[in-house]
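Visitor: Whole structure, please, built from the sequences with the hints as guidance.
Protein sequence lines, in the order shown, are assigned to chains A and B. When you number the first sequence by the numbering used here, it's gap-free, plus one each residue, and the end is 753. When you number the second sequence by the numbering used here, it's gap-free, plus one each residue, and the end is 1551.
In short, the hints are calculated from the structure, not lab data. Glycine is no exception: its CB is placed at the ideal position from the N, C-alpha and C atoms. It is possible that some hints are incorrect.
Said to hold, decoys possible - Simulated crosslink set (DMTMM-like; lysine to aspartate or glutamate; CA at most 20 Å straight-line):
no.: 1; chain 1: B; residue 1: LYS1273; chain 2: B; residue 2: GLU1128
no.: 2; chain 1: B; residue 1: LYS1208; chain 2: B; residue 2: GLU1378
no.: 3; chain 1: A; residue 1: LYS66; chain 2: A; residue 2: ASP395
no.: 4; chain 1: B; residue 1: LYS1472; chain 2: A; residue 2: GLU710
no.: 5; chain 1: A; residue 1: LYS215; chain 2: A; residue 2: ASP269
no.: 6; chain 1: B; residue 1: LYS1190; chain 2: B; residue 2: GLU1220
no.: 7; chain 1: B; residue 1: LYS1197; chain 2: B; residue 2: GLU1213
no.: 8; chain 1: A; residue 1: LYS134; chain 2: A; residue 2: GLU195
no.: 9; chain 1: B; residue 1: LYS1174; chain 2: B; residue 2: GLU1291
no.: 10; chain 1: A; residue 1: LYS748; chain 2: B; residue 2: GLU1411
no.: 11; chain 1: B; residue 1: LYS1472; chain 2: A; residue 2: GLU707
no.: 12; chain 1: A; residue 1: LYS21; chain 2: B; residue 2: GLU1213
Claimed, not checked - Output of the computed footprint for chain A on chain B, the stretches with three or more beta carbons under 8 Å from beta carbons of chain A:
no.: 13; region: 1151 to 1158
no.: 14; region: 1191 to 1199
no.: 15; region: 1454 to 1465
Claimed, not checked - Computed, partial: chain B to chain A, Cβ under 8 Å:
no.: 16; residue: TRP1004
no.: 17; residue: LEU1014
no.: 18; residue: MET1322
no.: 19; residue: LEU1339
no.: 20; residue: ILE1340
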Amino acid sequence: MSAFTSSPPPVSSEHDANSRKRLWLNNVLGYATRIGGMSVLLAIALIFFYLLYIVFPLLSPVELNKIQQFSLPAPTRGDTLILDLEERALLAARFTRSGEVIYFDPQTGDIRQTQKLLWPDKAQLSTHYFLREKGIAVFGFDNGQALVVQNHYGFHYVDNQPVITPTLTYPLGKSLLNLVQEEALQLIHLHSNEEKTSLATFTKTGRLLLRTYTKNTHFLTDEVELTDSHFELNLESHASIQHMAIDGMQDYLYLADDAGRLYQYSLIDPDNIALLQTHQLDAGTRITQMHMLLGGISLMVGEDNGRISQWFPVRDETDNVMRLQAIRSFHAQSAAITEIIPEQRRKGFLARAADGSVGLYHATAHRVLKVSRLSFQPLHHLALSARADHVLLEDAQGLSLWQIHNPHPEISWSSLWRKVWYESHSQPEYLWQSSSASEDAEPKFSLTPLAVGTLKASFYALLFAVPLAVIGGIYTAHFMAPGLRRLVKPGIELMEALPTVILGFLAGLWMAPLVEKNLPGVFAVLLMVPLGVLLFAWIWHQLPHRLTARVLPEGWHVVLLLPVVALLVWSAFSLSEPLEQGLFAGNMRQWLNSIGVTFDQRNAIVVGVAMGFAIIPSIFSITEDAVMGVPKHLTLGSLALGATPWQTLLRVVILTASPGIFSAIMIGMGRAVGETMIVLMATGNTPIMNFNIFEGMRTLAANIAIEMPESEYNNTHYRVLFLAALVLFVFTFCVNTVTEIVRHRLRKNYSTL
Amino acid sequence: MKAWWGSGEPWVWLAASTVALCLLMVFSLLAFIAVQGLGFFWPAPIMQAMHHTPGTAPTRLVGEIYHQDEVPVSRLTKAWQAPFAAHQEVTRYLIKVGNREHYGLDFRWVLKAHLQDIQYPPTLSVVERLEWGNAYGDIEALQENGVTIAEGEAVWEMLESRLQRTRDLRQQIKQIEKQPLGRIHFQLEKLRLQARKLSLQHRLTPEKIAEFETQRREQEALSQQLHDQLAVLHQAMQRDSLLLREMQGQHIVIPLAKVVQIIQPNRLNGMEKLHYYGLRLWHFVSSDPREANTEGGVFPAIFGTVMMVLIMSIIVTPLGVMAAVYLQEYAKPGFWTQLIRISVNNLAGVPSIVYGVFGLGFFVYLLGGNIDAWFFPEAAPAPVFGTPGILWASLTLALLTLPVVIVATEEGLARIPRSLREGSFALGATQYEVLRYTVLPMATPAMMTGLILAIARAAGEVAPLMLVGVVKLAPSLVLDNNAPFLHLDRKFMHLGFHIYDVGFQSPNVEATRPLVYATAFLLVLVILVLNLTAFWIRARLRERYKSLETM
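Guide: See below:
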């Protein structure tokens, strides 16, 4: 047809208005059709690039930009002890050495408010600690006193403008706490939750004291009462303790000394505070900073060489005690780590080093997001907003406010595809668990179990479908009588029309219990049907040829076999019960469990059969076409040389049609990989990592169907689901393109033969 | 034997058995769905028996035998295992006892061995209710305002007319709720949006406010009137009630207002059963679902499926036909044509869920979100088009079924003999004219085939719809009598999703299973009819072209 497009449209010689109109219409519609044709190309490109466009930000680099700079507000009130930044970066606070809190606007440096803390008259401040996520500051003095104060930002709207009102409260009572008698506090640390506050301090003479305050709310009057108890720890070594940390549950106390040693004390039994273990870091390194990560499970340890390592307690199999273990480390900065600030909503953290560099990390993803030198002067203080999108920085020049663009730190190649050691797990694992009960849980975005599940489902589907469809297709094309073929082919292609939701529903609600009940029967079918058919064929062969030829014309085997196969399947299933009694002690399920094989009702057998059913027609149809397309003179030649039809089939037909059969299988695989409803309904949708035929799986497609409606627009989970879709798209695209090229070549070959 | 083995004959038989197995699977599956789906509507007899489990007093059991199976004794609870041998199999019945408000569950598993004195008394009735499922038992009396007016057999004489009265009243209430009341709510919402729009544009003057206020008052007054009317009707509906004695002798008062239908199945003859069968079938396809989709009909799902498919057809047909015409009539073989062919193939091969993801991201969030921002700022924060809806679902499925239309149309175009085109060209027709007057008319059946196959595919597709617009229960239909009549932003129900939802997300799986089979049968029927039509058209077309070729 294309030959005509190049020929000029015939135009009448008069060139009248009518023919101009005809020509115009012809051209316009020609272009319109071209656009229509191109729209297909556009559609596929649009799908691909849109998926890519959504996925891409997962990989986009982190940006850190300075947005404001100003001099230190109220510099005369003393040096900064603590710098704090409100969640939305609308207000900042500076706790000064003179016991004042100066609230200022982090955009301009204008002072908003000043408050005076309950500061002792005579004593000098000797140490302090700031629990940033709670806004609790604790100050230790050289007379053995301490002060705990909480800074809280109230938030409301006035005339559509956000207004922040800071308040200072004293959660342990509005007075100074007397921790020890007249002895300077060298180090102080605190952790606090709703019920309990633990306060640890290390004194000048090397005593380590622990104090816990338990909050009891009176159930009638709502009065809050604090009971406190104190303990003194026996330090096993006399090294000088430099850093302390208490975990989120206040079960463990971690200490670091100046010789690179890390101690783990158990506080679970307050009467028996025990040293669980001591770790010695690499020779010559010193611990320069220590901080708990969000959730209070992981301890981040910064060293003087710029290395940061993550530690958390792992259950020791031998005595069931949780022992601190090094999990992973980051070495992206080159000077001593002087401050570690965890993000308050994600497992990321910010680290400041002595050389003025600031590093942004994500712990679970094991990702160094950015390291940059924010100032050429030594950095004094750093504050991170709770949303982790603003940093306030103090150096000798004054203050500067930086904006961080870091939307998806939790995704990395290793967190998506490799084993990850998650908090509270005993070893590195592949896990997909996109939503969790608590806010501070680690995101578990491993696509590996989903990919494995997808492969598992399609493997079992192909295992069921390929023999049936390929052999069936070859038989139909090569042996079947043409009259029968005209009925059989549409009959099998009718299978393709069945909606997969119906196959899934039948598989999940009808077939799964049936298979469970007749498990030995299912396996008996595999054996009995082929053997039974062979037996039947032999008996048929023994019958007088005159009789058989009259009953069954050449190529009508199938009709005769229909009742035979039905009978064989039925008898295999009725044999199920005796088999179960005889071989598996009455219950194959229990027998499987006893040999250590897990059995789910909705398992890979069910999925394999149901999805196999769905892909049989495509494989069958393409195989049949490929075999039918084998040029007649090849087969006839082979037969003429004396080969039997069977030999012709094996040596000539299948060989010639093999690329077509290959592409049929590929198409079937493409369908199986992307099939959603069957797997969704016929499996338990548990993301597991094995190929056990008696267990289910969760596939990429089913996972998207389950989780997409609940995911929030443009957050990490949403984008990871798009990534899953992109993986499916690219996979099927490759499979289909390869298949198309193979078939194209095959067609060319046939035409040249 | 050896010669036979060597001839390959056994392998041919074995190969033939695979085809036999495939055919068996297809047709037994279709038969199974048909039997399960259609059997549901047949009025089943109601059984009465004494249920005597070891160690307890016998109780009377009334209900339908729903399901029967054989279980090994070892799987029974300890108390029931006692009289049987360990490896024995016993018959177990699943009995639908109904009266959910009393027993919590509609169903009870009992052993055949524990049932004594099984009877089918003709007096037992089944009351199909709007709430709480079926009630089984003997109807003792008919009451009017709490006063008994008929007892025993006399009830049946008065029942039909009174049931008809309640049905009429219910119909009236429904009319009022749907039409005038629905319209008032729609108008009120429209007024609110208009006011908000003006205020966003800073054009909300005091006069306008007053005008809106009067309009609002008018509508509210109207609404009040209708509510008064409704209250009267509801009052009238409460007049009659039935007194039913359930299986353990308790009396239940069932207001006729809650009754759909009452029959005594044990008393019906074949013709009457057929009548009720037809009636129930009609109810199933024509009424709304009840009780969180576990009872009632599937009308909104049918309607939603049809609407979605129609909108999709309007989009997909021109695009698909144009692409096919381009490929077959205009394109020169070369890189681009090959690329387009690969694209068509890939569009057909991309998993449907990927279309869903794309539809959600691109159509719903990107296009819909922007449409909302430009045209419906007054509705914010509630989305109009920025949320899944029928338009986006139709668009997504149009993309999904595009290759189906292209491939079928192309096949039809390719079969049109070259001689016909040459003849037209020879007469001086332009390419467009050849297409318009010769080729396309001849290819119409092929396009129809493509469209029908696309519709069949779309009707059965569920996975992408779950992301772009299907809901388990849509409050209102896509098409109604409030301007602009066709509400493309609304969510809709779909037969395929209904199967998934009722079969897998419902709290009472046993109770809903027949309903799912019935829905599945309906869907399979529609899709098979569509496919067979397409096959038929295609086959006829091939015959016709064959005869043309030989001309």
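Visitor: Next, verify each hint and record whether it holds.
Guide: A quick look at each hint next to the structure:
no. : hint                   : result
1   : B:LYS1273 to B:GLU1128 : 15 Å, holds
2   : B:LYS1208 to B:GLU1378 : 16 Å, holds
3   : A:LYS66 to A:ASP395    : 14 Å, holds
4   : B:LYS1472 to A:GLU710  : 15 Å, holds
5   : A:LYS215 to A:ASP269   : 18 Å, holds
6   : B:LYS1190 to B:GLU1220 : 13 Å, holds
7   : B:LYS1197 to B:GLU1213 : 15 Å, holds
8   : A:LYS134 to A:GLU195   : 14 Å, holds
9   : B:LYS1174 to B:GLU1291 : 17 Å, holds
10  : A:LYS748 to B:GLU1411  : 19 Å, holds
11  : B:LYS1472 to A:GLU707  : 17 Å, holds
12  : A:LYS21 to B:GLU1213   : 57 Å, violated
13  : 1151 to 1158           : violated (count 0)
14  : 1191 to 1199           : violated (count 0)
15  : 1454 to 1465           : holds (count 6)
16  : TRP1004                : 5 Å, holds
17  : LEU1014                : 6 Å, holds
18  : MET1322                : 3 Å, holds
19  : LEU1339                : 6 Å, holds
20  : ILE1340                : 5 Å, holds
Consistency with the previously given hints fails for numbers 12, 13 and 14, ordered from lowest to highest.
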